[in-house]
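Chains V and F are the protein sequences, given in the same order.
First residue of the first sequence: 1, per the numbering used here; consecutive thereafter.
First residue of the second sequence: 1, per the numbering used here; consecutive thereafter.
One thing to keep in mind: the hints can contain errors.
Where chains are identical, the list cannot tell them apart; a pair therefore holds if satisfied intra-copy or between any two copies.
Unchecked claim - Here are the simulated lysine-lysine pairs, DSSO-like style, with alpha carbons at most 27 Å apart:
(1) LYS50 with LYS71
(2) LYS105 with LYS29
(3) LYS105 with LYS32
(4) LYS50 with LYS72
(5) LYS105 with LYS206
(6) LYS195 with LYS50
(7) LYS71 with LYS105
(8) LYS195 with LYS105
(9) LYS32 with LYS195
(10) LYS29 with LYS102
(11) LYS72 with LYS195
(12) LYS29 with LYS195
(13) LYS24 with LYS201
(14) LYS210 with LYS102
(15) LYS24 with LYS72
(16) LYS50 with LYS32
(17) LYS24 with LYS105
(18) LYS50 with LYS102
(19) LYS71 with LYS29
(20) LYS24 with LYS71
(21) LYS129 with LYS29
(22) LYS102 with LYS32
These are computed hints drawn from the structure, not numbers from a lab.
There are 2 protein chains.
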Amino acid sequence: MASNFIQTGKKIVAIGRNYAAHAKELGNKPPKEPFFFLKPTSSYVPSGGKVEIPRGIVAHHEVELGLVIGKKGRDIPAAQADSYVAGYTLAVDMTARNLQNKVRKAGLPWSSAKGFDTFTPIGQVLLNKDIPDPHNLRLSLAINGEIKQDGSTGDMIFRIPQLIEHVSSIMTLEEGDLLLTGTPEGVGPVEPGDKVLCALKDAQGKELLKLEFDA
Amino acid sequence: MASNFIQTGKKIVAIGRNYAAHAKELGNKPPKEPFFFLKPTSSYVPSGGKVEIPRGIVAHHEVELGLVIGKKGRDIPAAQADSYVAGYTLAVDMTARNLQNKVRKAGLPWSSAKGFDTFTPIGQVLLNKDIPDPHNLRLSLAINGEIKQDGSTGDMIFRIPQLIEHVSSIMTLEEGDLLLTGTPEGVGPVEPGDKVLCALKDAQGKELLKLEFDA
Ligand SMILES: [Mg+2]
Ligand SMILES: [Mg+2]
Ligand SMILES: [Mg+2]
């Protein structure tokens, strides 16, 4: 069941640089085709929990719309992608930015920079019927009451069906897998002691989901 | 149970460049500390199966000793690492080398280059009692009867307890996770139609495990 994906899911596939303004703020060009990395499911921490920031790590927040996969699929055509989505959630792709910058320069994998325990705070699941248009939602993140990220899922460079088509052309998606769709601009550090509050709202400003954690 | 890890395991953690001669053959220096990447469990294919090589991909074989994790652990000290190993297996870390070279230059994640479906051929599990010394084994791989890799696990740069300590300092290891320990020299392409045969032998030359697949 989709609601149980934190326990049962096997992988987290996270898309990089899927919002042009975010790519730019880190000095990157918008990608010509989607790319992704894997995060381990051992990095989940449910809303209300605590993100642990390891000593020496500069940990950035990246608030993202998550898709919970509802059934197994491979080489899924974009036109059929919707039927593989069981629901939507709100997640933060915590990133060890200093370590990521180091491995990027060295051409090394991103897995450690993205994969620390508690580096994927995760909210409840909303079923498809509650999300009439996943490309018309607002994603926000505030630290200690100050808004840091506030973007629209309408600004994704590659939209959800394309993402599912691309990822499933490389690896089979399975029930309970999570697909993170990229972060809007405004990423920055989370410091020990910070209180972080994220929200997913519809186009009318109605709050659909909340995700909060302490660091 | 360890024997069921292909179905129940959640992640594959694969160590890079853990044999000096292999690091050198790809033009890399031996690393000063271990590094790793994640492969999805959707990439498993059991012995006797077929590795699919996607169009345009140069797929290299990397035969490796695999450790199946037997219990959940985090920040595992090297001195206690043995008790977290449920068993040993033989695996091939298939790698899209041309894609990996491209993403390395661009500072992008390795996940797609390592994560295609069928890119982790995997053997049976041997329990600890059958492997008196995991650092005194021979790993070999032959294509169409010709030996391509034949190395000793004694040549690992970072030994198993250090690998477990390092990985578990970043992410919790869970029952059924697989840790791949790196490949000896001799990597090269597998072409469609090839028959690949791998063996794990003890120091006396006795065959402990076999792994075979077609491409
Ligand atoms: Mg996984
Ligand atoms: Mg992200
Ligand atoms: Mg390898």
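Against the structure, the hints:
Taking the shortest alpha-carbon separations for LYS50 and LYS71, only the inter-copy value of 24 Å comes in at or below 27 Å, while the best intra-copy value is 31 Å. In the homo-oligomer, the alpha carbons of LYS105 and LYS29 lie at most 27 Å apart both inside one protomer (16 Å) and across protomers (15 Å), since each shortest distance falls under that limit. For the homomeric pair LYS105 and LYS32, the shortest alpha-carbon distances inside one copy (20 Å) and between copies (16 Å) are both at most 27 Å. Within a single copy, LYS50 and LYS72 get their C-alpha atoms only as close as 32 Å, which misses the 27 Å cut-off; across copies the closest is 20 Å, which meets it.
Taking the shortest alpha-carbon separations for LYS105 and LYS206, neither the intra-copy value of 42 Å nor the inter-copy value of 44 Å comes in at or below 27 Å. In this homomeric assembly, LYS195 and LYS50 come within 27 Å of each other (Cα to Cα) only inside a single copy, at 9 Å, whereas the closest approach across copies is 50 Å. In this assembly of identical chains, the alpha carbons of LYS71 and LYS105 never lie at most 27 Å apart, being 37 Å within a copy and 35 Å across copies at closest. With identical chains, the CA atoms of LYS195 and LYS105 are never at most 27 Å apart, being 32 Å at best within one copy and 37 Å at best between copies.
In this assembly of identical chains, LYS32 and LYS195 lie within 27 Å of each other by CA distance neither inside one copy nor across copies; the values are 36 Å within and 37 Å between. In this assembly of identical chains, LYS29 and LYS102 lie within 27 Å of each other by CA distance both inside one copy and across copies; the values are 19 Å within and 16 Å between. In this assembly of identical chains, LYS72 and LYS195 lie within 27 Å of each other by CA distance neither inside one copy nor across copies; the values are 37 Å within and 29 Å between. Neither within a single protomer nor between protomers do LYS29 and LYS195 lie at most 27 Å apart by alpha-carbon distance, with minima of 31 Å and 42 Å respectively.
Taking the shortest Cα distances, LYS24 and LYS201 sit within 27 Å of each other inside one copy (25 Å), while across copies they are farther apart (52 Å). Proximity of LYS210 and LYS102 under a CA criterion of 27 Å is satisfied in neither setting, with 33 Å inside one chain copy and 39 Å between copies. Taking the closest pair of Cα atoms, LYS24 and LYS72 never come within 27 Å of each other, the shortest separation being 35 Å inside a single copy and 40 Å across copies. Taking the closest pair of Cα atoms, LYS50 and LYS32 never come within 27 Å of each other, the shortest separation being 36 Å inside a single copy and 32 Å across copies.
For the identical chains of this complex, LYS24 and LYS105 are neighbours both inside a copy (17 Å) and across copies (19 Å), given an alpha-carbon limit of 27 Å. When the C-alpha separation of LYS50 and LYS102 is checked against a cutoff of 27 Å, the pair qualifies only within one copy, where the shortest distance is 26 Å, while the shortest distance between copies is 37 Å. In this assembly of identical chains, LYS71 and LYS29 lie within 27 Å of each other by CA distance neither inside one copy nor across copies; the values are 33 Å within and 43 Å between. In this assembly of identical chains, LYS24 and LYS71 lie within 27 Å of each other by CA distance neither inside one copy nor across copies; the values are 35 Å within and 43 Å between.
For the homomeric pair LYS129 and LYS29, neither the shortest alpha-carbon distance inside one copy (35 Å) nor that between copies (53 Å) is at most 27 Å. In the homo-oligomer, the alpha carbons of LYS102 and LYS32 lie at most 27 Å apart both inside one protomer (23 Å) and across protomers (14 Å), since each shortest distance falls under that limit.
Consistency with the previously given hints fails for numbers 5, 7, 8, 9, 11, 12, 14, 15, 16, 19, 20 and 21, ordered from lowest to highest.
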